[in-house]
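Quick note, the sequences are listed as chains A and B, same order.
Okay, so the first sequence: first residue is 504 according to the working numbering, each after it adds one.
Okay, so the second sequence: first residue is 187 according to the working numbering, each after it adds one.
None of these hints come from the bench; they were simulated from the model.
Even glycine gets a Cβ: it sits at the ideal position worked out from N, Cα and C.
Watch out, some of these pointers could steer you wrong.
Unchecked claim - Ranges of calculated distance between the beta carbons of each label pair, as one might list FRET restraints:
id: 1; chain 1: A; residue 1: Arg600; chain 2: B; residue 2: Thr334; range: 27 to 33 Å
id: 2; chain 1: B; residue 1: Arg330; chain 2: A; residue 2: Ala710; range: 29 to 35 Å
id: 3; chain 1: B; residue 1: Ala196; chain 2: A; residue 2: Pro714; range: 26 to 32 Å
id: 4; chain 1: A; residue 1: Pro641; chain 2: B; residue 2: Leu252; range: 33 to 39 Å
id: 5; chain 1: B; residue 1: Pro391; chain 2: A; residue 2: Gln706; range: 23 to 29 Å
id: 6; chain 1: A; residue 1: Ala710; chain 2: B; residue 2: Arg232; range: 21 to 27 Å
id: 7; chain 1: B; residue 1: Arg330; chain 2: A; residue 2: Val620; range: 23 to 29 Å
id: 8; chain 1: A; residue 1: Ser579; chain 2: B; residue 2: Ala196; range: 51 to 57 Å
id: 9; chain 1: B; residue 1: Ser270; chain 2: A; residue 2: Val713; range: 54 to 60 Å
Claimed, not checked - To spell it out: a stretch of chain A is covered by chain B in this simulated footprint if at least three of its residues, at any positions, have a beta carbon under 8 Å from a beta carbon of chain B; those stretches are:
id: 10; region: 540 to 549
id: 11; region: 580 to 586
id: 12; region: 624 to 637
id: 13; region: 648 to 657
id: 14; region: 663 to 669
id: 15; region: 704 to 714
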Amino acid sequence: MGMVPLDAESLPAPHGRYMLCEECDAVYPARPIGRDDLLRCRRCGAVLARGHGLPLDGQLALTLGALVVFLIGSLSPIVTLELQGIHSQATLLEATRETWRTGAHVVATLSFLTAFVFPLLVIALRLWVLVPLVMRRPVLFLAPVMRLLRWVLRWSMVEVFMLGVLIAVVRSAGVTHVVLGAGIFAYMGLTVLLTAIHAAGLQALWAQAVPKRRGVRVARPPRPRGRPLWSAARRARGAP
Amino acid sequence: MSRSYVPVAADLGLIGCEVCALVSRRPRSEAAKWLCPRCGHALHLRKPDSVQRTLAWLLTAVVLYLPANLLPVMTTASVLGRESHTIVGGILELWTTGSRELAIIVFIASIAVPLLKIAALTLLAFSAQRRSQWRQRDRAALYRLVETVGHWSMLDVFVVVLLVGMVHFGVVASVRPEAGLLAFGAVVVATMLASASFDPRLIWPQQGPHG
């Protein structure tokens with residue numbers, strides 16, 4: 504479903520609200536977004552807005568579920584191998600520790616961050632915002648938390664890790680006898696849950712956490728640095 | 187539609203926030219820097235130095251691409267001896283042992299996606315620098331594709347780390363990561379940073395109401 508961008512005649516009144524295409528800056532009149540709407544930019548085809556059927560408490564439930572599944576997935580063995588009577592179990596954390604021990608510190612850190620720390624942060628930061636919102640309390644450190652969440656979403660790679668497990672299992676099957684553990688199934692569940700939560704986007708959180716105001720807000724100048732706040736305030740009042 | 191004038195944020199004195207997507211009004215003044223009234227992030231009409239940063243990360247990726255593919259990414263040791271495996275070697279091994287579907291998946295993730303990303307972002311960066319109006323819609327779609335598939339190249343890094351963790355039976359069988367894996371991981375990170383540095387709004391140079 505496309506949307507017609509504004510033209511010179513249909514500019515909204517000064518207090519109208521706008522939507523911008525994040526990928527090409529085209530301006531659209533703001534409009535309410537229905538549950539199953541998918542608005543695309545007429546000019547570049549990017550998604551402008553997506554209606555999401557998931558209310559905040561639903562998001563909270565899915566995120567709590569994701570936390571449980573994540574803990575199971577990262578603490579229980581992904582696979583059990585058997586070779587000449589020796590059993591070997593591996594969890595995600597053991598695999599990264601073993602890689603660290605061989606001296607490949609950078610690679611071990613990279614996989615530890617993208618398969619463990621960042622997915623955990625995605626869940627934890629969402630809970631940080633969702634729990635107070637559902638309880639109708641203010642969210643502490645909203646802006647830095649949301650900024651970190653946005654960054655961490657890009658670098659969290661649960662689904663890639665899951666496929667990696669599958670390929671590692673097939674490649675070692677020639678050497679040893681492999682039995683899948685609880686961890687791999689938990690990671691499958693986690694992939695599904697995170698995808699569902701991710702589809703809800705971050706916009707709804709912003710909209711809920713910061714009450715809407717009429718009209719378009721004005722960008723503010725940065726606080727002058729290097730000078731104590733009180734002197735800036737005095738100057739603003741006309742003090743010498 | 188493509189040739190007609192589309193008002194953009196700058197024409198209307200508006201600016202969108204990269205972080206929280208709030209649309210705010212940018213005061214017409216000489217001040218160079220404005221902050222988003224909702225989240226406090228610095229507002230830019232375009233990401234600063236986007237093309238230069240993209241090209242710098244791409245260059246890093248290209249330089250590391252050869253060692254990533256020529257050096258072995260892991261060594262398997264068993265009573266029968268040692269064997270080194272490169273990325274391509276791993277794909278061939280999957281192909282010959284019968285899991286052809288997985289071989290194709292790994293080929294796409296490890297060989298095709300990094301090459302696609304390097305080629306696509308080079309094209310996007312240079313055409314943006316020349317303010318080209320050539321196939322803008324297709325270029326926008328290409329950027330979205332690069333963003334979507336970008337992180338799948340990390341697949342082989344995870345495979346080796348998992349094999350190292352899974353296969354440790356002392357002298358009987360063990361797996362060690364090798365230098366190629368470091369280069370390969372660095373290529374993946376560099377291409378992801380290149381794609382994050384590129385500002386897709388540069389595909390649409392400011393036209394102004396009079397063309």
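Status of each hint after checking the structure:
no., hint, verdict
1, A/Arg600 with B/Thr334: 27 to 33 Å, "32 Å, holds"
2, B/Arg330 with A/Ala710: 29 to 35 Å, "24 Å, violated"
3, B/Ala196 with A/Pro714: 26 to 32 Å, "28 Å, holds"
4, A/Pro641 with B/Leu252: 33 to 39 Å, "53 Å, violated"
5, B/Pro391 with A/Gln706: 23 to 29 Å, "27 Å, holds"
6, A/Ala710 with B/Arg232: 21 to 27 Å, "26 Å, holds"
7, B/Arg330 with A/Val620: 23 to 29 Å, "27 Å, holds"
8, A/Ser579 with B/Ala196: 51 to 57 Å, "53 Å, holds"
9, B/Ser270 with A/Val713: 54 to 60 Å, "55 Å, holds"
10, 540 to 549, "holds (count 5)"
11, 580 to 586, "holds (count 4)"
12, 624 to 637, "violated (count 0)"
13, 648 to 657, "holds (count 4)"
14, 663 to 669, "holds (count 6)"
15, 704 to 714, "holds (count 4)"
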